[in-house]
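Below, each chain spelled out in residue letters.
2 protein chains.
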Amino acid sequence: MPVSVFVGTSVDGFIARANGTFDFLGGDDTEPHGYEEFFATVDAVVMGRNTFEVVAAFPSWPYEQKRVVVLSSKPVDLSPGRAARLEQMSGEPHEIVTKLAATGAHHLYVDGGITVQRFLNAGLVDRITVTRVPVLIGSGIPLFGVVPRDIALRHIATNTYRGGLVKSEYEVVK
Amino acid sequence: MPVSVFVGTSVDGFIARANGTFDFLGGDDTEPHGYEEFFATVDAVVMGRNTFEVVAAFPSWPYEQKRVVVLSSKPVDLSPGRAARLEQMSGEPHEIVTKLAATGAHHLYVDGGITVQRFLNAGLVDRITVTRVPVLIGSGIPLFGVVPRDIALRHIATNTYRGGLVKSEYEVVK
Chain A
4 MPVSVFVGTS VDGFIARANG TFDFLGGDDT EPHGYEEFFA TVDAVVMGRN TFEVVAAFPS
64 WPYEQKRVVV LSSKPVDLSP GRAARLEQMS GEPHEIVTKL AATGAHHLYV DGGITVQRFL
124 NAGLVDRITV TRVPVLIGSG IPLFGVVPRD IALRHIATNT YRGGLVKSEY EVVK
Chain B
4 MPVSVFVGTS VDGFIARANG TFDFLGGDDT EPHGYEEFFA TVDAVVMGRN TFEVVAAFPS
64 WPYEQKRVVV LSSKPVDLSP GRAARLEQMS GEPHEIVTKL AATGAHHLYV DGGITVQRFL
124 NAGLVDRITV TRVPVLIGSG IPLFGVVPRD IALRHIATNT YRGGLVKSEY EVVK
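Residue numbers (our numbering), protein chains in the order written: chain A, 4 to 177; chain B, 4 to 177.
Please note that a few of the clues may not be correct.
To be verified - Taking lysine to any residue pairs in the SDA-like style, the calculated list, with each CA pair at most 20 Å apart, reads:
1. Lys177/B with Phe27/A
2. Lys170/A with His158/B
3. Lys170/B with Arg157/A
Stated by the list, open to error - A few chain B residues facing chain A, derived, Cβ under 7 Å:
4. Val57
5. Val79
6. Ile140
7. Asp153
8. Val169
Just so you know, the hints here were simulated from the structure itself, not pulled from any lab data.
We put the beta carbon where it would ideally sit given N, CA and C, even for glycine.
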């Protein structure tokens with residue numbers, strides 16, 4: 004089952020500030036850059052508890068009726084999610100993929116720094132689309148982390164947008 | 004005087020491994036991506052001692068007869084540089100720029116992680132060209148570091164290359 008990452012970062016590679024906010028990404032003012040088209044192709048979103056808590060505080064739940072899985076080994080209060088299709092799982096990335104595949108998922112969208120890093124390190128990410136916002140913020144939550152060995156990527160396509168976004172799509176070489 | 008950065012990084016933002024090597028950038032096998040054209044426009048290269056020591060160990064000195072300035076507050080043995088136009092300076096970035104402008108430089112090329120970060124934080128970098136090599140290495144010497152405040156960039160152009168390089172050029176908004 005393909006696993007994709009689709010994420011915005013500063014040019015220096017942060018997905019959020021240290022406190023979890025990501026005002027620098029532009030929010031609702033961000034130019035359309037293919038997120039909706041991507042989102043339409045996935046049938047489950049997988050994220051960690053930190054990302055869930057940030058997203059749950061949004062004025063509206065952004066994942067519509069898509070199946071959302073919050074990874075946590077400790078109990079998580081899912082009520083702030085307000086979503087009909089919200090569940091908690093725990094375990095290693097390959098267990099999560101197996102469980103989701105067994106319950107009908109065909110394309111996973113993995114989100115959040117720690118979760119992306121865990122799935123990457125487990126060799127389970129197939130595609131990474133990074134959209135770089137033209138700003139340096141200097142510190143925060145990085146998209147990428149330590150890897151057990153070099154991970155080769157294959158560049159698929161890069162698109163640029165009027166406001167300065169640069170979106171690059173890579174396939175993970177396995 | 005314009006100050007430019009022109010640098011290759013992994014997709015996760017490293018210019019070198021922790022030990023200073025940068026095999027992952029492709030070395031002599033790197034597809035032409037505008038470096039020679041850029042290099043022809045600069046008349047002085049500014050780097051820190053660490054970068055100098057790495058470059059001095061190359062089989063051949065890569066800066067030809069271009070003026071090269073090694074920044075260091077401690078004495079540096081310049082003899083490994085084998086270059087006719089090699090000098091040491093110390094001081095704050097704006098002092099370096101002033102000294103170089105006073106001695107005939109018109110376009111500086113600032114290289115090396117710490118030096119790039121110092122010049123960026125001093126508000127002295129005008130243009131940043133980052134060429135991303137399609138690999139994640141996970142740790143090493145990062146191009147960017149902590150910044151005193153957000154640094155806005157203006158995207159100028161992005162080019163992609165057959166081997167998977169993605170080169171993005173930014174102007175620093177002042």
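Which hint numbers does the structure go against, in order from smallest to largest? Of the numbered hints given earlier, those the structure breaks are 4 and 5, listed in rising order.
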